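Each chain is listed here by its residues.
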Amino acid sequence: MDPALRRRLERRFGERLTGPIRQRHDETELRIGAGDSGEVIRALHDEPEFGFTFLADLAGVDTGTTMQVVYHFWGASTPDWLRLVVDGLPRDDPRVPSVTALWKGAEWMEREAYDMFGITFEGNRDLRRIYMPPDYQSFPLRKDFFLADDAARSPGAGVRHMEQTHAPRNATPAATIRRTRA
Amino acid sequence: MTTTTRGRKGHASADDPRVMLDEQIGVFEPIPPYPPRTEREAEFYTLRDGEMFINIGPQHPSTHGVLRIVLKIDGENVVDLDPVLGYLHRGVEKLCENADYHQAICYLDPLEYVSSLFCEWPGVMAFEKLLDVEVPRRAEYIRVLSSELNRVASHALFMGWMALDLGGLTPILWSFIERDEIVEMLASLTGQRMLFNYFRIGGVNGDLNHEFMSRLGEWMSRATTQIEANIGLLNENEIFVRRMRGLGTMDSETALRMCMSGPNLRATGVPFDLRRAHPYSVFPELEFDIPTRTEGDCLARYLVRLEEVKQSLKIIDQCLNNMPDGPIMAKLPRLLRPRPGRAYAGIEGPRGQYAAYVVSDGTDQPFRMRIHDPSYLHLQSVGLLMPGHLIADAMAVMASLDPIMGGVDK
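Residue numbers (my numbering), protein chains in the order written: chain A, 811 to 992; chain B, 230 to 639.
Each statement offered as a hint is correct.
In silico lysine to aspartate or glutamate, EDC-like type, Cα no more than 16 Å apart, as pairs:
#, chain 1, residue 1, chain 2, residue 2
1, B, K543, B, E514
2, B, K560, B, D361
3, A, K914, B, E482
4, B, K543, B, E516
5, B, K560, B, E363
6, B, K323, A, D954
7, B, K539, B, D518
8, A, K914, B, D480
9, A, K914, A, E932
Hint data in this document are derived by calculation from the structure and do not stem from the laboratory. Because the structure is a prediction, the values reported are computed rather than measured.
With the rest of the complex left out, here is chain B (with noise of 0.2 Å):
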């Protein structure tokens, strides 16, 4: 199929060089129509020499969402960049207000739609704390389990998007296969293959079944091989290791100071893990080593989170062998009205430190609900990372934070 300059039916197109951009199609310009209305949008939105903005998004298959970025670059090197956000605002705090403490369990799984079980748990840990619940011992287990299986499937995606930004179109397509068997089994349990709406205050939905255990099983027998070969297919492939080895490095100051958490900070060196630090659920009880690098750059920020998976799958076998019996959900009144107060509840998901806060007044309906999400964090680290790579590197160093937009967006 040829294309003409001319374009269809009398639109000029814009690969017409007798076209003059600007009167005829518009002027596509990222700079703002107002003053610059703080320090940093005027330092930059002035233009030094050589120097042009490129607008990134908010539709492009490499931003992990809607996420907008206005790039300011030198040729081929971005020297800085701005990020905009709020194409995916959906006023998840604000709609919370006006739900039910069990309503708002339905708001809080399309935050981080790929990891929807760390998205409820935060949310139902805090709302447990303000009614003084104590989950059973089988609940906090299945929960363990299955957000455990939730990490592995978060993982495996990163693995094939973190592939895709840099140009690889086969490890997505592997991931996507190692996440269907996950999201299968899950869907088993919970009923839904992503946005689970599993968790309950007090408990979980639904018992494990026959089903859920016959596939799980039979996964776990494979798991291991299958995510072996994987691993092999990106690990030694040697334009993969060169292309992310030294790219966007971060010092543990910085990282720290950034208010990262999770693997990103892990990664430059800080074996900071929720699980230990602060433990929650019946995590004493379980063994799982902390997978820490040192190096601080896209490939450790990678490594760390293929060791994760190693870790998970530890954690799962355990949470087979020791599952307690008992009730799965406790016993609490339909209408639920804490008492007035606050809680915080945070949680290690697979991007970082999840966390939700929650200010009850007595009534029915949570006063306010804070969700804290690290990939909110993380893209803040984008603006440090990014200036002094070249724009096909840069969207590999937002690759490696793994940021999810809607979690970023709320």
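Isolated chain A (complex conformation) (with noise of 0.2 Å):
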């Protein structure tokens, strides 16, 4: 927990921040929306106030209602690790800025959220499927995409599976998909 951090922060982009910055152990919390996170990700990477020029992990998140995409970053001059969500992109067509530009090494990270949940990285040279086949059609990490053993919320959507013996009668996709306002 770094309050001057998080001091630094809300001075630094205070108006392009969607939520409150929270803190908790050791890391810090940032939610922006998708058309600053070009900005504000080149800011962190190049300001020396923030040095932020580790790329610890870029993921996607599909929260049942968007999908969001999740930056860590590390720097040297705080001892928390910082989190970035780049949050409210639609579930139907995610875009968001790639940040290949700073991190080559980025490319095969948004190469997989595209893969498994079908957000476009604009500017990444490479964005094709990494783990599934390339004639693939679904995103399997979507909430909408129900395994077959997944008993208790797969109404038979997503994999089909011969025996469907445990689809609950009522259930449709809209009330299975899980959802979190977290």
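Assemble the dimeric complex from its two separately framed chains, guided by the hints.
Listed below in structure tokens is the structure:
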């Protein structure tokens, strides 16, 4: 928990934040919208008061209502991990600017987020599927993609399993998608 | 046993010069049967004069698991390459969403199966952050002790298959002897030789027992000389050293831009080790150095890992001397329901930063379990390092980055 970091972030990015900066244990979390993400990440990388030059992780998250892209950074200026949540992406066509200009190593992390969620990273030169076969149609980590053994939640949508023994009778995908506001 | 060009039972053999390969056996073209979808794909799958594609894998003894690489070669030199992943993709992140917090730990083991304790650790740490659990000191020391043993085992295996990819067939067997001793020790502690399933939320599964301590003591007494002997087999071998020196050189700027971590980054000169940069567990109390080299070639990556083995032995020694008494698990309810929130935990594994990011929605199952694996990012660098070298050296470069496909493919 680094209160000085929180003050610096609020002073610099105050108007772009879509929520309060939360700190818990050794992490500081920022939430911004997709339009600001390119500038904010560049500022966090370039400006000497932040200096977050190590991209620790890039992940997609499907909250059930929106899509998010979550970046984790490490910088020498603070003992905390910095988490940047790019929130509010629409579930039908999520698009975010790519960070491959700053970190070429983010290319494959963005490919994985595209493959698993369908999030398009604009500016990534190689945005194709990485785990699934190239002609695969669905995005597996989305909440509306059900596994066959997902007994409580699967009406048989997503992967079709031969037995279909556990499908509850009245379930529809809209009712069974798991949602969170965390 | 002689083989004829006719093969067996009337099937034409590919060695038979009378066989027209395209018509009778089929065309083996690594070029995908659809138009290129991205810039990079278009750039890669267009051949210039004299270039050809060679497909390595997914089944090949040198690729550390099921990895398929499409190499574009000009004669014997590698011009470009495109790794194709997914052959070991098991959908771990999706499976964890349907599992309990306790069950999710079992899914984390087979990710980097060679160093399983490092795979369990960030998941368990992230769950502990969500639940605000404090791990007892004895459990932390046991975690450090067992995981440093696992680091030694993993690096011993690395040395073996580094030599194997260069063509040396003996060191891999010596590595497995080394590893077998350590793995038997860990089996007497955890019950398993490879996928240990030892860490629990709030501590570890079982306390140190007499058999483990006696094996450990006996192994420690000869570990240093044994490792020196194994090292001497390779380090003083002129072929090994001359092949690896100057091969696959990476500078620190590029390594940081490729998001590398671990020994691969430290071999380029950046002394970044999460145990010192972002300390976790009881590492602030332990004394050890961070071996760093500046050359950034295969030999540097190999030597950094050697040094790390020695540092691990130092850490194990300190753990044994300072082992506190107390419980080995925190008191937790059986049904774990953390409050809604997010947690990230990163540790220094033998390959680099191994991390878990967990989103909890207040139920007894994780809402999103994201696993960040270092081998995945190191494999990207293979595309930067291999071009310009011969095919045989290309496999050496890949081995020196030490990828484990279980973690890459999740």
